[in-house]
Amino acid sequence: LAKTTQPISMDSYEGQEVNITCSHNNIATNDYITWYQQFPSQGPRFIIQGYKTKVTNEVASLFIPADRKSSTLSLPRVSLSDTAVYYCLVRITGGFKTIFGAGTRLFVKA
Amino acid sequence: GAVVSQHPSRVICKSGTSVKIECRSLDFQATTMFWYRQFPKQSLMLMATSNEGSKATYEQGVEKDKFLINHASLTLSTLTVTSAHPEDSSFYICSARVMAKDTEAFFGQGTRLTVV
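Just so you know, the protein sequences line up as chains G and U, in that order. According to this note's numbering, the residues represented by the first sequence are 454 to 563, in order. According to this note's numbering, the residues represented by the second sequence are 73 to 188, in order.
Bound-form chain G, shown alone:
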């Protein structure tokens, strides 16, 4: 399973765009990149998943460069309620195990 590296924490202000980058240098051909969000005392919640280039949904965008050795989760116009831990994971297609890295603690200030 590919190891991921993320910043331990980030600070932002309401209304700003937040970009969290994750490194996964040994990502394999069949690996997908998935991001989860976790609030205190809750289970992780799926945010977005991608394989290459750019993926966008109603809550975030995921940018993946051509070499796929990193990815960037982009949260547009964050609010206080976006304060949470964000996890970047890499898993193989059809693979079942989901191994979590350390995650990034995002603090959104008023």
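Simulated DEER-style distance windows between Cβ atoms: (1) U:Lys138 x G:Thr506: 41 to 47 Å; (2) U:Ser115 x G:Asn472: 18 to 24 Å; (3) G:Tyr504 x U:Pro158: 42 to 48 Å; (4) U:Ser115 x G:Thr506: 26 to 32 Å; (5) G:Gln495 x U:Glu159: 21 to 27 Å; (6) U:Thr186 x G:Ala563: 31 to 37 Å.
One side of the interface only, derived from the structure: several residues of chain U facing chain G at Cβ under 8 Å: (7) Phe106; (8) Ser115; (9) Leu116; (10) Leu118; (11) Ile165; (12) Glu176; (13) Ala177; (14) Phe179; (15) Gln181; (16) Gly182; (17) Arg184.
Some chain U residues flagged as far from chain G (calculated, every beta-carbon gap over 10 Å): (18) Cys85; (19) Lys86; (20) Gly88; (21) Val91; (22) Leu98; (23) Phe100; (24) Lys138; (25) Asn142; (26) Thr186.
It is worth saying that the hints were derived from the structure and are not from the lab. Just so we're clear, the structure is a prediction, and the values are computed from it rather than from any experiment. Note that CB positions come from ideal geometry on N, CA and C, so glycine has one too.
Chain G is fixed; fit chain U onto it per the hints.
For chain U alone, coordinates are given in the frame of chain G:
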């Protein structure tokens, strides 16, 4: 998205007793479910993979006799913490994937276990 429900959401038990935590996939079938534990300010640690109709697969360092896992149906997996001690106090989370579909994992809301 698919819903995974855990019960109870929090439990307090005495040292030496056993506690059972249930994980249910409410609107889908899951041949495989996963159990994690999470200590304060730390990431989720995978404990075991629960397979319907067969024995669970435990991660290195996790005592299978301490953490009993049963996956008796396609929608239910249980984790029993046997002879609980205060150091077993933690946040336990389960997850599941939709059977035969290559989708993301869906997580339960977690169970806060406190052993006194």
